[in-house]
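Student: Taking the hints into account, I'd like the entire structure generated from these sequences.
In case you want the letters, here they are:
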Amino acid sequence: MSEPTVRTAERLEALTAETSEGPQELQRREATPASELGREVGSVVRIGDAPFNPDDVDYERADDETMIINMGPSHPSTHGVLRIMLELDGEIVLRAKPVIGYLHTGMEKTGEMLSYVQGATNVTRMDYLSPVINELSYSMAVEALLGIEVPERAVWIRMMMSELNRISSHLVWMATNGMDLGSTSMMIYGFRERELILAFFEKTAGLRLNLNYVRPGGVAADLPDGWEDDVEVICDTIYERTFEYDELLTGQPIFRQRMVGVAPISAEEALALGVTGPLLRSTGVPWDLRRTMPYLAYDQVDFDVIVGTYGDNFDRYAIRLNEIRESVRIIRQCLERMPAGDYRSQDPKVTPPPRARIGESMEALIHHFKLFTEGFHVPAGEVYSAVESPRGEHGCYIVSDGGPKPYRMHVRAPSFVNLQAIPLLMRGASMADAITVISTVDPIMGEVDR
Amino acid sequence: MELPADAPAVITADALRADLGCFPTREQYHDLVAAFKADGFEVCADLCAVDYLEHAERAVPEGVTPTRFEVVVNLLSMSRRERVRIRVQAGDVEPEVDSLFDLYPGSEAMEREAFDLLGVIFRGHPDLTRILMPEDWEGHPLRKDYGTGRVPVQFKEAPGPR
Amino acid sequence: MALEDLQHNFLTGRLEDLVRWARRASVWPATFGLACCAIEMMASGAADFDLARFGMEVFRNSPRQADLMIVAGRVSQKMAPVLRQVYDQMMEPKWVLSMGVCASTGGLFNNYAIVQGVDQIVPVDVYAPGCPPSPETLMHAILTLHEQIRTGEIMKRRATGNPVHLDHAESPWTPEVPVAVRLGTPK
Ligand code: SF4
Numbered sequence: 001m002s003e004p005t006v007r008t009a010e011r012l013e014a015l016t017a018e019t020s021e022g023p024q025e026l027q028r029r030e031a032t033p034a035s036e037l038g039r040e041v042g043s044v045v046r047i048g049d050a051p052f053n054p055d056d057v058d059y060e061r062a063d064d065e066t067m068i069i070n071m072g073p074s075h076p077s078t079h080g081v082l083r084i085m086l087e088l089d090g091e092i093v094l095r096a097k098p099v100i101g102y103l104h105t106g107m108e109k110t111g112e113m114l115s116y117v118q119g120a121t122n123v124t125r126m127d128y129l130s131p132v133i134n135e136l137s138y139s140m141a142v143e144a145l146l147g148i149e150v151p152e153r154a155v156w157i158r159m160m161m162s163e164l165n166r167i168s169s170h171l172v173w174m175a176t177n178g179m180d181l182g183s184t185s186m187m188i189y190g191f192r193e194r195e196l197i198l199a200f201f202e203k204t205a206g207l208r209l210n211l212n213y214v215r216p217g218g219v220a221a222d223l224p225d226g227w228e229d230d231v232e233v234i235c236d237t238i239y240e241r242t243f244e245y246d247e248l249l250t251g252q253p254i255f256r257q258r259m260v261g262v263a264p265i266s267a268e269e270a271l272a273l274g275v276t277g278p279l280l281r282s283t284g285v286p287w288d289l290r291r292t293m294p295y296l297a298y299d300q301v302d303f304d305v306i307v308g309t310y311g312d313n314f315d316r317y318a319i320r321l322n323e324i325r326e327s328v329r330i331i332r333q334c335l336e337r338m339p340a341g342d343y344r345s346q347d348p349k350v351t352p353p354p355r356a357r358i359g360e361s362m363e364a365l366i367h368h369f370k371l372f373t374e375g376f377h378v379p380a381g382e383v384y385s386a387v388e389s390p391r392g393e394h395g396c397y398i399v400s401d402g403g404p405k406p407y408r409m410h411v412r413a414p415s416f417v418n419l420q421a422i423p424l425l426m427r428g429a430s431m432a433d434a435i436t437v438i439s440t441v442d443p444i445m446g447e448v449d450r
Numbered sequence: 001m002e003l004p005a006d007a008p009a010v011i012t013a014d015a016l017r018a019d020l021g022c023f024p025t026r027e028q029y030h031d032l033v034a035a036f037k038a039d040g041f042e043v044c045a046d047l048c049a050v051d052y053l054e055h056a057e058r059a060v061p062e063g064v065t066p067t068r069f070e071v072v073v074n075l076l077s078m079s080r081r082e083r084v085r086i087r088v089q090a091g092d093v094e095p096e097v098d099s100l101f102d103l104y105p106g107s108e109a110m111e112r113e114a115f116d117l118l119g120v121i122f123r124g125h126p127d128l129t130r131i132l133m134p135e136d137w138e139g140h141p142l143r144k145d146y147g148t149g150r151v152p153v154q155f156k157e158a159p160g161p162r
Numbered sequence: 001m002a003l004e005d006l007q008h009n010f011l012t013g014r015l016e017d018l019v020r021w022a023r024r025a026s027v028w029p030a031t032f033g034l035a036c037c038a039i040e041m042m043a044s045g046a047a048d049f050d051l052a053r054f055g056m057e058v059f060r061n062s063p064r065q066a067d068l069m070i071v072a073g074r075v076s077q078k079m080a081p082v083l084r085q086v087y088d089q090m091m092e093p094k095w096v097l098s099m100g101v102c103a104s105t106g107g108l109f110n111n112y113a114i115v116q117g118v119d120q121i122v123p124v125d126v127y128a129p130g131c132p133p134s135p136e137t138l139m140h141a142i143l144t145l146h147e148q149i150r151t152g153e154i155m156k157r158r159a160t161g162n163p164v165h166l167d168h169a170e171s172p173w174t175p176e177v178p179v180a181v182r183l184g185t186p187k
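Protein chains in written order, with my numbering: chain A, 1 to 450; chain B, 1 to 162; chain C, 1 to 187.
Don't read these hints as lab results, they were simulated from the structure.
By construction, the Cβ of each residue, glycine as well, lies at the ideal position given by its N, Cα and C atoms.
Misleading hints may appear alongside valid ones.
On the chain C side, residues computed to face chain B include the following (Cβ under 10 Å) [claimed, not checked]: (1) Ala-22; (2) Lys-78; (3) Pro-81.
Tutor: Right under this line is the structure:
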């Protein structure tokens with residue numbers, strides 16, 4: 001019999017050699033500068049104060065043996081390709097550091113290669129759970145640079161679609177969160193309800209995800225015939241079902257034990273970290289761009305901004321669940337008040353001539369051709385436009401040099417910023433709670449890494 | 001909109017959509033942001049860098065010397081519901097500005113991203129390493145002199161059953 | 001022993017067929033969700049589409065227990081070595097399904113960050129087109145794979161041999177960026 005292999009230190013190094021990311025990873029304490037150490041143990045508000053002892057954690061340490069473990073990037077509960085490195089003392093998390101970039105797609109660079117007409121195709125793939133919202137912030141930035149007005153109907157269609165999208169995104173969140181906590185039925189339910197919305201998306205835009213529906217100047221197509229009935233059914237079904245989820249999760253003792261009071265964050269810390277969305281609202285700050293800096297027609301509809309009190313996991317869950325109900329309310333109002341008219345701007349600069357005219361007129365044909373090959377020129381300038389995505393403030397910063405392509409396109413992705421709250425939320429929590437933290441922060445890696 | 005009282009004297013201009021745009025020098029930058037923070041801008045909403053290599057003759061207010069790299073910061077005041085944009089000229093060759101980490105801990109990841117993709121150095125940042133690209137990557141991909149890395153589309157024979 | 005002496009009710013066949021049949025009916029995929037396509041992959045596993053009909057509902061989290069890697073989404077240069085490692089950890093026999101244009105060719109993202117086709121890293125058996133492929137497309141791809149398993153060889157080791165592009169070192173095609181920077185398993 002041959003000698004059993006002993007895993008020596010060199011062997012371990014060799015095992016991780018090809019996937020190691022060097023200094024991007026969590027280092028041993030001796031090798032970490034004090035300010036970075038402070039960040040990794042989740043000290044946010046105290047940063048800058050000189051006497052800070054990173055060993056000062058809120059519970060009794062058993063001994064001095066700690067262990068650094070790696071989680072991800074291919075891990076079932078990291079929602080994609082998030083990789084988190086943790087320093088553990090037994091079951092308790094002492095430090096955490098997210099290592100990201102495993103889905104870096106170079107979308108900001110690709111955005112510089114695509115014309116404004118094509119740009120929406122690119123941005124829609126960032127946050128793949130809320131494509132409409134990505135397109136919206138991009139389109140609004142382009143429209144601001146162009147200085148064009150979007151017709152009334154387009155505004156309301158956009159609003160309705162964003163709310164439908166918010167519901168579907170929160171449903172996926174409910175599903176995966178349930179899955180992480182061991183509630184497999186929630187997984188099935190969440191995806192079942194979401195199919196309703198996706199079917200409507202498919203009918204309207206032709207695709208289930210990555211719609212490319214909202215474009216600079218309006219939307220790609222009018223709503224399909226009979227859309228009222230579909231939306232009606234969606235609203236009724238989902239509104240009813242939210243009460244089923246309530247029954248399944250909200251009062252359930254196991255669920256509550258894992259959520260209530262776990263991983264709290266204070267308003268002060270949330271603001272310092274710049275987190276937005278349900279994570280910020282759970283701390284009691286009523287900041288929702290739909291209400292506080294209204295875009296589209298959100299100032300004309302009636303809805304409540306849901307806020308929490310304790311900033312814990314359960315508040316974040318409750319906010320998302322209730323936001324589904326609020327979105328249903330907004331959609332019902334859109335249904336009632338949907339104005340008639342054009343679904344995209346009639347400005348010939350951004351809108352191609354109708355199909356029928358192309359057959360008749362040479363100019364129309366040339367115009368159509370130019371619009372789709374070269375694209376339209378956008379006046380030089382720079383603009384930042386922000387909308388409320390299901391995860392927070394989704395911003396788009398575009399610099400134009402007067403040409404048909406953006407000179408620089410930068411996206412402020414809410415998950416990217418929210419991810420910084422992870423060390424803070426995980427600190428002192430047990431390993432099992434760390435999973436719920438990842439889940440309730442709800443990072444979408446496509447958006448984090450872009 | 002006005003500058004806060006204790007801000008250094010910087011050149012301002014109204015940006016599109018009525019956000020206030022400020023153009024501090026590199027020395028004024030950190031003080032200006034600190035003044036804004038004291039004035040009620042609680043959140044650093046966004047931070048990114050732009051490489052103006054191919055668009056050098058962009059419009060900037062008088063008195064500002066445009067450089068190749070620019071760092072753009074968007075601050076947000078929740079109490080006043082206002083935004084302000086700060087554009088600091090970061091330099092031509094080795095762009096370098098102060099880090100905002102001590103004011104807004106949440107700018108950490110965004111600064112790391114600007115360092116990774118555009119090579120802007122932030123003085124005083126706790127952990128200035130690459131964040132999106134692999135550790136052994138060379139160059140800063142969002143710079144204008146860095147190719148997109150387009151691979152020509154190729155049609156090859158079907159590999160057949162394996 | 002003559003045939004007449006045997007009890008009734010029996011089938012004859014080759015052992016090979018039996019093995020193939022068994023393999024085909026219980027392919028366990030590894031969860032390897034990367035991007036948008038992963039959401040569609042999850043949707044196919046959920047109530048409306050129900051992959052359980054094909055014996056595939058058991059998504060294994062450990063590559064050691066999985067037979068099929070569904071590469072769902074774009075593979076970045078940073079992810080490439082990880083993907084290869086997960087593939088190497090899977091037990092033979094193993095199959096790879098490249099889901100979506102991003103995994104198959106790089107798709108929309110023809111740039112520095114994305115590996116232009118996962119077949120540069122691991123051998124791929126079935127490509128599912130679409131962006132994202134709808135669950136129906138994924139199912140079609142899965143059925144195609146089942147057909148391949150049913151008619152394929154059972155003794156062949158699938159991981160030997162390099163991925164297509166790395167077979168011949170002087171391939172006429174040189175990408176502008178290094179593809180899949182750190183390849184191979186540790187020595
Ligand atoms: S193929 Fe399309 S849907 Fe799939 S990962 Fe790529 S961009 Fe996303």
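Student: Have a go at the Lys-78 (chain C) hint: is there a Cβ in chain B nearer than 10 Å to its own Cβ?
Tutor: holds, 5 Å
Student: Holds or violated: is the Cβ of Pro-81 (chain C) closer than 10 Å to a Cβ in chain B?
Tutor: holds, 8 Å
Student: Was the hint right that Ala-22 (chain C) lines chain B, CB cutoff 10 Å?
Tutor: Violated: closest Cβ of chain B sits about 21 Å from Ala-22 (chain C), beyond 10 Å.
Violation of the numbered hints given earlier is confined to hint 1; every other hint is satisfied by the structure.
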